[in-house]
Each structure stands twice: as C-alpha cells, then as structure tokens.
Amino acid sequence: MDKIIQKYEAIVIGASAGGLIALHRIFSQRCLDFNLPVLIAQHICPNRESLLPELLRQHCTGTVKDAEDKDVITSGNVYIAPSNYHLLVEPDKSIALSVEGRVNFSRPSIDVLFETASEAYCDALVGIILSGANSDGAYGVSQIKKRAGLTIVQSPDSAEFDTMPKAAIEASNPDFILSLDEIGILLNTLCNRG
Amino acid sequence: MNEVEQVENERLEVQLLLEAIYLRYGYDFRKYASAHTKRRLEHRRALEGLPNLAAMQHLLIYDETFFNRVLLDLSINVTEMFRDPWFYKSVRELVVPYLKTYPFAKVWHAGCSAGQEVYSMGIVLQEEGMKERVQMYATDFNELILAKAKDGIYPMNLVREYTANYQQAGGKSSFSDYYTADYDNVVMKRFLKEQVLFSSHNLVTDGVFGEMNTIFCRNVLIYFNRDLQNRVLNLFYESLCPGGFLCLGSKENIKFSDVAHKFEVVAEREKIYRKKRM
Ligand SMILES: C[S@@+](CC[C@H](N)C(=O)[O-])C[C@H]1O[C@@H](n2cnc3c(N)ncnc32)[C@H](O)[C@@H]1O
Chain V
1 MDKIIQKYEA IVIGASAGGL IALHRIFSQR CLDFNLPVLI AQHICPNRES LLPELLRQHC
61 TGTVKDAEDK DVITSGNVYI APSNYHLLVE PDKSIALSVE GRVNFSRPSI DVLFETASEA
121 YCDALVGIIL SGANSDGAYG VSQIKKRAGL TIVQSPDSAE FDTMPKAAIE ASNPDFILSL
181 DEIGILLNTL CNRG
Chain E
1 MNEVEQVENE RLEVQLLLEA IYLRYGYDFR KYASAHTKRR LEHRRALEGL PNLAAMQHLL
61 IYDETFFNRV LLDLSINVTE MFRDPWFYKS VRELVVPYLK TYPFAKVWHA GCSAGQEVYS
121 MGIVLQEEGM KERVQMYATD FNELILAKAK DGIYPMNLVR EYTANYQQAG GKSSFSDYYT
181 ADYDNVVMKR FLKEQVLFSS HNLVTDGVFG EMNTIFCRNV LIYFNRDLQN RVLNLFYESL
241 CPGGFLCLGS KENIKFSDVA HKFEVVAERE KIYRKKRM
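Going down the list, the protein sequences come from chains V and E. According to my numbering, the first sequence is numbered sequentially starting from 1. According to my numbering, the second sequence is numbered sequentially starting from 1.
Do not rely on the hints blindly, as some may be mistaken.
What the hints assert, rightly or not - Below, in silico cross-link-like pairs of lysine to any residue (SDA-like), each with a Cα-Cα straight-line distance of 20 Å or less:
1) E:Lys255 x V:Lys7
2) V:Lys93 x E:Lys255
3) E:Lys131 x E:Pro103
4) E:Lys148 x E:Tyr102
5) V:Lys93 x E:Glu3
6) V:Lys145 x E:Lys89
7) V:Lys93 x E:Gly26
8) V:Lys93 x E:Val259
9) E:Lys148 x V:Gly101
10) E:Lys31 x E:Glu161
11) E:Lys148 x V:Glu100
12) E:Lys255 x V:Ser94
13) V:Lys93 x E:Asn230
14) V:Lys7 x E:Asn2
15) V:Lys3 x E:Glu3
16) V:Lys146 x E:Asn2
17) V:Lys93 x E:Asn225
18) V:Lys7 x E:Val4
19) V:Lys65 x E:Phe256
20) E:Lys31 x E:Val259
21) V:Lys93 x E:Phe256
22) V:Lys146 x E:Tyr32
23) E:Lys255 x V:Lys146
24) E:Lys189 x E:Glu161
25) E:Lys89 x E:Thr163
26) V:Lys93 x E:Lys31
27) V:Lys93 x E:Lys189
28) E:Lys31 x V:Glu68
29) V:Lys3 x V:Ala133
30) E:Lys193 x E:Ser176
31) V:Lys93 x E:Glu10
32) V:Lys93 x E:Glu161
Don't read these hints as lab results, they were simulated from the structure. These figures come from a predicted structure and were not determined experimentally.
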C-alpha cells in the first residue's frame, strides 16, 4: 500500500493489438484534476496516421499530441510516440525520438520508452501494460519494478489479446493486475495525492 | 547501492567513455541525446559480454577496430527512398520552383547516410528538368556509410516500398527507370550520381559549407541535445543564401534554437523553413 501513497511524476503506457479500445476506456474515466503527464507507445502500422490523439483528446484538458523531439514533458499533457519513431525520455525529462531499427519487431517499442523513462524518473514512474499480441514491454516493466516505480498490468482475462499482459506479468510480477475500469480508478486516486 | 545512485553512476561511466572517444579519436558524442547514447553503448556492451561500461573503456582506447564498431552503433543509419512521400511532394511544389529561379544552384544533404535521400532528390530534379543546373553535396561523418551512398546499391527487397513511396511523392515516370537490377540488388543509374559530390563532414566539429540554396538535414538533429542542435542550426543558417530553404525531419523543430526568428515557416508539417532576407 505504500506504493499508492507515494508521489508520482509521470505515467507510461504500452499497448498493441486491442490497445486503442483499452486506452479509450481508461481515459474516459479521467477526472478533471488528473494532472500527471502521460507518455504512450502504441504499436500501429507505419505510414498510417494514428487515431489515438483524436480519440483521447475528448477526455483531456491538457494537450494530446504526437511527441516532438525536445518537447519538455509537462504535467497534464499526453505524448504519443509517432508512428515509425522510438520515443525516449532524457534524464532532464524532455523527449527524444529515434529512428533506430525495430526493437521486438516494433517501432515505437514499449521497452525503449519504459526503460529510458525509468532511468529518468526512477521510483516516481507508473508503468502500465495493456492488451497486445506480442511481448514488447515485458522487459520495460521489469526495469520500472526494479527501480521501485509502480507497475500495473491489464488482467489477461479482461484483455482483447492477452499475450502482452501475460508476458509482462511473468517478467515482472507487477504490483497490480487489474481490469480497465480498476486501472482508471487507481490512476485517479494517484493523481489526487499528487 | 540504491537504484538512483546506480543510474547516476552509469551516467558517469557513459560520460567518461564519450570523453575517452573524443580524446582518442576526435569524434565528439558528448552532446548527443543521452538516453539514446546510453542505449546504444549498453547494446554493444551486452553483445561483447562485458560486465560494465568501464570495462568497455579499455577496449575502446586500445582497439581501433572495436571503436569503429561502436561508431556504427552510435550513428543510426536507418533511411529510405522518398521517406515521408508527402514531404517530397512539397519539395517538388515549393522548393524546386525556387531553385529554378537560379541559373545554377547548390543543394546540401547533411547526414545523408547511405544516400537514399540524395537519389530521391536527384530523381525529383531530373523530372523537373533541373538536374544539370544543380550541384548536390552529400555529406556524413561516417565514412563507411558514405562509401555505400556513393555506390548507390540497395537490396532488391526494399524496392517495392521505395516504388510505393515514389508514386505517393508524385513521381512522374516509372521508378524502374532509375535503377538497373541484378539478382539481389538494384544499382542507381549513373546519371543520378553525376552532379553529386560525396564527402566526409562532421556537423559537430566541422565548419560552414558555404552558399547553399537548400539544405536537407532530416532525422539527424534528433540525436543531438538542445545545445548541439542550436550550434548546428546556426551552422545551417550561416551556410544558406538569403531566401534559401532548410528541410528538417518531420518530428524535428527549430523553435528551441536562437536562429528560429531568422527563418520563416514555409510548410509546418513538412518542416520546411526559409532563411529570411535581413
Ligand atoms: C537516421 S540517419 C538519417 C538519414 C537521412 N537524412 C534520412 O532522414 O533518411 C542519421 C545520419 O546522421 C549521421 N550523423 C550522425 N551524427 C553526425 C555528425 N555529427 N555529422 C554528420 N553526420 C552525422 C549518421 O551517420 C546517419 O547516417
């Protein structure tokens, strides 16, 4: 329970197949004073414009945008990894992008986001893995866990595709395994402490 | 040792490593984006089975072939022909008409990697009847990749993607007019190389590349920290004629630099800027 009382500075979310619906569901529960910055790596087809910004914008008071290089990560904003770029967090908590090769067959890769974010935020980071049909993100969550951040995985039986949640659970023994609604409630609770 | 200390110590190790590379080989990575640099060095460390980055320092100092491998790790060379087709469409519509106003123009591709961008622009210029009137300079700090750019030989399995890009970019002919195929590769046709000068240039340590009408530098600045981006954008400003164009990668920006107000935005999404006539 200590982990719920702790103060957090940022949330990273990784999602793949089935992730769009899951993200929408979580965001539709955001309350107005939800003020932590959120960074999202969602696998999508390269060269396809993501629907995600449009979908999430209706639930956010801050800016929802494709992350741009050197953006300073700001409370209340949502940053989405652009298609075909890896999203990284710099030690000074700004954004860096990279076109280096695919990691886990993915660009953006969830592992890349989670690992660099956990180095920047250490125990002040919340990491969430949602539905997906591969195992990207499993290593990333374990890094967040190792650095005493808060780790949450969507319960496999509630996920449209359970491979990604299962891999993350196996790799990291996360702090919480929850349904989407429960994740929404937990995030609101965390924000109200901040 | 707690995790925060661990992370800080690793940062220190990276810093010392980059210092060693600079002092020993003259390549300066000290102002590259640090999360990226750390990842690439860690990647090499794991491949070599070394216990930590400090152990890599010895190898780096004493073994030049090892250094060359690390150099490749640090310079991400991923590129493609007509990357972001809509960008090339805008280049055709906005930049080429400007080049046409000159009897002779100069175009610089900085950080050209294996040359795909250079040939893409070569094709655009050819189709616009401008090829003979433009001198192109293609530079990169990585000599190995520059040699590949000069050869212009690319794997056959990429051609389908390149062809689709070419068509979306508003290509006026057939993409197959521009290469000859052998078994596994395609070779870009000779006439596309005639007006190109390939040479080594390091954006961190080398100087101005004078009197350019247009500069392409796409997906290179993302690897630099803000300070270094600022230096390089100043270098580009100095290298451009008044009214000249600067083309960056689709997620890059000049807004953080102190020359930002000396450029006007020509195309926001395409990241095409123009040096103001002061
Ligand atoms: C990701 S590639 C971009 C290639 C191409 N411009 C494109 O957008 O498709 C980045 C290139 O920048 C080069 N580069 C990195 N640091 C450099 C420096 N200091 N000076 C010159 N080139 C550099 C790398 O060698 C690599 O070829």
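Tested hints:
With a C-alpha separation of about 32 Å, the suggested pair Lys255 of chain E and Lys7 of chain V falls outside the 20 Å cut-off, and the hint is violated. With a C-alpha separation of about 18 Å, the suggested pairing of Lys93 of chain V with Lys255 of chain E holds against the 20 Å cut-off. Taken as a hint, the Lys131 of chain E and Pro103 of chain E pair is honoured in the structure, with Cα atoms around 12 Å apart against an allowance of 20 Å. Using a Cα cut-off of 20 Å, the hinted pair Lys148 of chain E and Tyr102 of chain E is violated, with the two alpha carbons roughly 31 Å apart.
Proximity of Lys93 of chain V to Glu3 of chain E is assessed by CA-CA distance (about 17 Å); at most 20 Å being required, the pair is judged to hold. This hinted pair does not check out: Lys145 of chain V and Lys89 of chain E have alpha carbons roughly 46 Å apart, beyond 20 Å. Restraint check for Lys93 of chain V and Gly26 of chain E: not satisfied, since their Cα atoms lie roughly 29 Å apart, outside the 20 Å limit. The hinted pair formed by Lys93 of chain V and Val259 of chain E fails the criterion: a straight-line CA distance of about 24 Å is larger than 20 Å.
Of the pairs offered as hints, the one joining Lys148 of chain E and Gly101 of chain V holds, with about 18 Å between alpha carbons and a cut-off of 20 Å not exceeded. The straight-line distance between the Cα atoms of Lys31 of chain E and Glu161 of chain E is roughly 34 Å, outside the 20 Å bound, and the hint therefore fails. Restraint check for Lys148 of chain E and Glu100 of chain V: the C-alpha separation of about 18 Å stays at or below 20 Å, so the hint holds. Annotation: proposed proximity of Lys255 of chain E to Ser94 of chain V holds, straight-line Cα distance about 15 Å (limit 20 Å).
Taking the CA atoms of Lys93 of chain V and Asn230 of chain E, the gap is near 19 Å; set against the 20 Å cutoff, the hint holds. This hinted pair checks out: Lys7 of chain V and Asn2 of chain E have alpha carbons roughly 18 Å apart, not beyond 20 Å. Taking the CA atoms of Lys3 of chain V and Glu3 of chain E, the gap is about 16 Å. The hint holds against a cut of 20 Å. Distance restraint check for Lys146 of chain V and Asn2 of chain E: the Cα-Cα separation of roughly 10 Å lies within the 20 Å cut-off, and the hinted pair is therefore satisfied.
A distance of roughly 12 Å separates the Cα atoms of Lys93 of chain V and Asn225 of chain E; the hinted pair therefore holds under the 20 Å criterion. With a C-alpha separation of about 16 Å, the suggested pair Lys7 of chain V and Val4 of chain E falls inside the 20 Å cut-off, and the hint holds. At roughly 18 Å between alpha-carbon atoms, Lys65 of chain V and Phe256 of chain E fall within 20 Å of each other, so this suggested pair holds. Of the pairs offered as hints, the one joining Lys31 of chain E and Val259 of chain E holds, with about 19 Å between alpha carbons and a cut-off of 20 Å not exceeded.
Straight-line distance between C-alpha atoms of Lys93 of chain V and Phe256 of chain E comes to about 16 Å, which keeps the hinted pair within the 20 Å bound. For the proposed pair Lys146 of chain V and Tyr32 of chain E, the alpha carbon gap of about 27 Å is over 20 Å, so the pair is violated. With a C-alpha separation of about 37 Å, the suggested pairing of Lys255 of chain E with Lys146 of chain V is violated against the 20 Å cut-off. A C-alpha spacing of about 18 Å is found between Lys189 of chain E and Glu161 of chain E, which places the hinted pair at or below 20 Å, so the restraint holds.
Between Lys89 of chain E and Thr163 of chain E, the direct Cα distance comes to roughly 14 Å. Compliance with the 20 Å bound is thereby established for this hinted pair. Restraint check: the Cα-Cα separation between Lys93 of chain V and Lys31 of chain E comes to about 16 Å, which is no more than 20 Å; the hinted pair holds. With a C-alpha separation of about 46 Å, the suggested pair Lys93 of chain V and Lys189 of chain E falls outside the 20 Å cut-off, and the hint is violated. For the hint linking Lys31 of chain E to Glu68 of chain V, the alpha-carbon distance of about 19 Å falls within 20 Å, and the restraint holds.
A hinted pair counts as satisfied when its Cα atoms are at most 20 Å apart, and Lys3 of chain V with Ala133 of chain V does not qualify at roughly 29 Å. Proximity of Lys193 of chain E to Ser176 of chain E is assessed by CA-CA distance (about 16 Å); at most 20 Å being required, the pair is judged to hold. For the hint linking Lys93 of chain V to Glu10 of chain E, the alpha-carbon distance of about 17 Å falls within 20 Å, and the restraint holds. For a cut-off of 20 Å, the pair hint linking Lys93 of chain V to Glu161 of chain E is broken: about 36 Å separates their Cα positions.
Hint violations for this structure: numbers 1, 4, 6, 7, 8, 10, 22, 23, 27, 29 and 32, all remaining hints satisfied.
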